[in-house]
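Asker: Given only the sequences and the hints, what does the whole structure look like? Please build it.
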Amino acid sequence: MNIVTDAKSQLTPEASLLAAHPTATGILTVDLDAIIANWRKLEKTAVPAECAAVVKANAYGCGAEQVSRALAKAGCKTFFVATVEEAAVVRAAVPQATVYALGGFFQQTGDAYAKIDCKPVIGDLNELAEWDVFCRRSGWSGGAAIHIDTGMNRLGLTVSEAQGIIPRINAGDHGITLVMSHLASAELLNSPANAKQLASFREIASLFTGVPASLANSSGVFLGAQFQFEMVRPGCALYGVNPTPEADNPMQQVVDLKARIVQIRNIDRGETVGYGGTWTARRPTRLAIVAAGYADGYFRAASANDGTRGAEVVVAGKRCPIAGRVSMDLIAVDVTDLDKNAVRRGHMVTLIGEGITVDEVAHHFGTIGYEVLTSLGRRFVRIYKGGDAVAANDTVAVKSDAAAEKSEPAATPAAPPALPTAAPAAPPPLPAEPSTPVT
Numbered sequence: 001m002n003i004v005t006d007a008k009s010q011l012t013p014e015a016s017l018l019a020a021h022p023t024a025t026g027i028l029t030v031d032l033d034a035i036i037a038n039w040r041k042l043e044k045t046a047v048p049a050e051c052a053a054v055v056k057a058n059a060y061g062c063g064a065e066q067v068s069r070a071l072a073k074a075g076c077k078t079f080f081v082a083t084v085e086e087a088a089v090v091r092a093a094v095p096q097a098t099v100y101a102l103g104g105f106f107q108q109t110g111d112a113y114a115k116i117d118c119k120p121v122i123g124d125l126n127e128l129a130e131w132d133v134f135c136r137r138s139g140w141s142g143g144a145a146i147h148i149d150t151g152m153n154r155l156g157l158t159v160s161e162a163q164g165i166i167p168r169i170n171a172g173d174h175g176i177t178l179v180m181s182h183l184a185s186a187e188l189l190n191s192p193a194n195a196k197q198l199a200s201f202r203e204i205a206s207l208f209t210g211v212p213a214s215l216a217n218s219s220g221v222f223l224g225a226q227f228q229f230e231m232v233r234p235g236c237a238l239y240g241v242n243p244t245p246e247a248d249n250p251m252q253q254v255v256d257l258k259a260r261i262v263q264i265r266n267i268d269r270g271e272t273v274g275y276g277g278t279w280t281a282r283r284p285t286r287l288a289i290v291a292a293g294y295a296d297g298y299f300r301a302a303s304a305n306d307g308t309r310g311a312e313v314v315v316a317g318k319r320c321p322i323a324g325r326v327s328m329d330l331i332a333v334d335v336t337d338l339d340k341n342a343v344r345r346g347h348m349v350t351l352i353g354e355g356i357t358v359d360e361v362a363h364h365f366g367t368i369g370y371e372v373l374t375s376l377g378r379r380f381v382r383i384y385k386g387g388d389a390v391a392a393n394d395t396v397a398v399k400s401d402a403a404a405e406k407s408e409p410a411a412t413p414a415a416p417p418a419l420p421t422a423a424p425a426a427p428p429p430l431p432a433e434p435s436t437p438v439t
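The sequence shown runs 1 to 439 under the working numbering.
Keep in mind that a hint or two might mislead.
What the hints assert, rightly or not - 30 Å max Cα-Cα, derived DSS-like pairs, lysine-lysine:
1) LYS41 - LYS56
2) LYS115 - LYS56
3) LYS56 - LYS73
4) LYS77 - LYS115
5) LYS73 - LYS340
6) LYS73 - LYS44
7) LYS385 - LYS44
8) LYS196 - LYS115
9) LYS340 - LYS115
10) LYS340 - LYS77
11) LYS340 - LYS318
12) LYS44 - LYS56
Since the hints were derived computationally from the structure, they do not count as laboratory data. This structure is a prediction, so every number in the text was calculated from the model and none was measured.
Answerer: Structure follows, in C-alpha cells:
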C-alpha cells in the first residue's frame, strides 16, 4: 500500500468554498426556489384548499427560519411545527403567519403559546380542559386546533370524544380554528385504510359547523379532491421526498450534499478496507477517503462488503461505489475507474445530488427520506440559494447561515394581544361522552 500525495491541489468551486470553512467536513446546499416550486405545485393540486407548510424538525433539516421566510414570501400563510420552541423560530421569521404546534398542550405551557401567538393542536380531553382553564384565567383567545384520531392510533380525540364536544361547537365562541386528522397510509394509493379514514373524518368534521377541516398530508394531497377539505398540510414533499412512491416523483430535488476528499490511497489486490475487513479489493484499487460518516447522518447501512454492493456517490461527474463500512467520520470510495487526474485530495464528492436523490439514499440506508433529511449533521456548512438568497441584480447568491445572520436579522414577532386581568366567562362545559360511539 502507498499513500498518494499531490504537489498541487486543484480545487473545485465547492472545495474553494469549503476552504473558507476549514473546520467543516462538507457543504449542504438547500435550494429555496425548489421548495417554493414544490409548494406551488402542491397548492395548485389542492385548489381551492389552502396549502399550509409543515416546517417541524428545523424544516426537515433544511432550516426553519430560511424555509418559512421564503414560503411566506411565496404566499404561504399557515405553518405547522412540533413544539413551542420550534414555533418561536417560525414566528420570528414570519410575524404575520398562523402557526400551529402539533405536540399538544399542557397548562404550564400556556404562557409560552400566548407570548408568540401560537395555536396548540389539542388531541386529548385533558389537554382541552387545561386549555380551557388557561384561557379563562388569562383571557387568551388565540385559538386552537382539535386533532381527531381516525385510524393512526397515535394522537387525537377518539371519534366518540369528538362527538361529545359538538354541543360546545354549536354554542359558539368556542375558540376552535381547525379540526384535523392524519392519514396513516396515504402513500399507498389503493390502501383501504385511506377510504376508511376519509369516511370517518368527513362524518365527524361535518359536525364542526363553520370550522375549517384538514386531513391531507403530502401524499394525501395526491389522493384526490375528496381528501383535501379546506386545508392541506404537506411536509416531506416540500423538501423533495417523493409523496407518490408508486409513481415518478412530482417534486423537485431540494438538497445537495457534498463532502471533501481528505486522502487518496492505492491498495493492492486482496487487501481489505474499513472496520472488520468486510470489503476485499479484487484488483489494484484506488480509494478516495471522504470526510463524512454516520456522525454526519450518512448511515452505516450504506456500507459495502464482499457480498453486497453499498451506496454510490458522484466523483468527477461519475458514480463510484462505497468500499467497506461507513465509519463515524469517513467513507472510502472506489475511484479506480476514473482518470487518475480526475480526482484529487481537496476535491468534493456528491453524496446527494447529481442524480442521487434523497429517496435513493434512503433506500440504501434502509429508511425513508424524512429520516435522511432530519439526520444530516451540523458539521456540514449549510448554504442557501434562491428564495431569500436572490440578490438585487436577479442573480442567485449563495450564502452561509453566518452571512444570512449578518445581512438579514431575524424579524421581530408581532406582539400578541395583551392578556386581560379579568377572566372572561367560562366556555360551555364539556358534555358527558355519548353512550353510542360515532363510527
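Asker: For LYS77 and LYS115, compute the direct alpha-carbon distance and say whether it is at most 30 Å.
Answerer: Satisfied, since the Cα-Cα distance of roughly 19 Å is no more than 30 Å.
Asker: Between LYS340 and LYS77, does the CA-CA distance stay at or below 30 Å?
Answerer: Not OK: LYS340 and LYS77 at ~52 Å, beyond 30 Å, violated.
Asker: So if I understand the rule, the pair passes when the alpha-carbon distance is 30 Å or less; does LYS73 with LYS340 pass?
Answerer: violated (47 Å)
Asker: Given the proposed pairing of LYS385 with LYS44, does the C-alpha separation stay at or below 30 Å?
Answerer: Between LYS385 and LYS44 the Cα gap is close to 24 Å, so the pair holds against 30 Å.
Asker: Just to be careful, I want the Cα atoms of LYS44 and LYS56 compared with a cutoff of 30 Å; is the pair within it?
Answerer: At roughly 23 Å apart (the allowed maximum being 30 Å), LYS56 and LYS44 satisfy the hint.
Asker: For the pair we were handed, LYS56 and LYS73, check the Cα-Cα distance against 30 Å.
Answerer: Between LYS56 and LYS73 the Cα gap is close to 19 Å, so the pair holds against 30 Å.
Asker: Are the Cα positions of LYS196 and LYS115 separated by 30 Å at most?
Answerer: Roughly 39 Å separates the two Cα atoms, so the pair is violated.
Asker: Is the hinted pair LYS73 and LYS44 satisfied, with a Cα-Cα distance of at most 30 Å?
Answerer: holds (17 Å)
Asker: Would you check the hint for LYS41 and LYS56, treating anything up to 30 Å between C-alpha atoms as holding?
Answerer: holds (20 Å)
Asker: Given the proposed pairing of LYS115 with LYS56, does the C-alpha separation stay at or below 30 Å?
Answerer: Distance of about 19 Å is within 30 Å: holds.
Asker: Within 30 Å, alpha carbon to alpha carbon, are LYS340 and LYS318?
Answerer: Distance of about 13 Å is within 30 Å: holds.
Asker: Given the hint that LYS340 pairs with LYS115, does the C-alpha gap stay at or below 30 Å?
Answerer: Roughly 60 Å separates the two Cα atoms, so the pair is violated.
Going through the hint list in order, the structure does not satisfy hints 5, 8, 9, 10.
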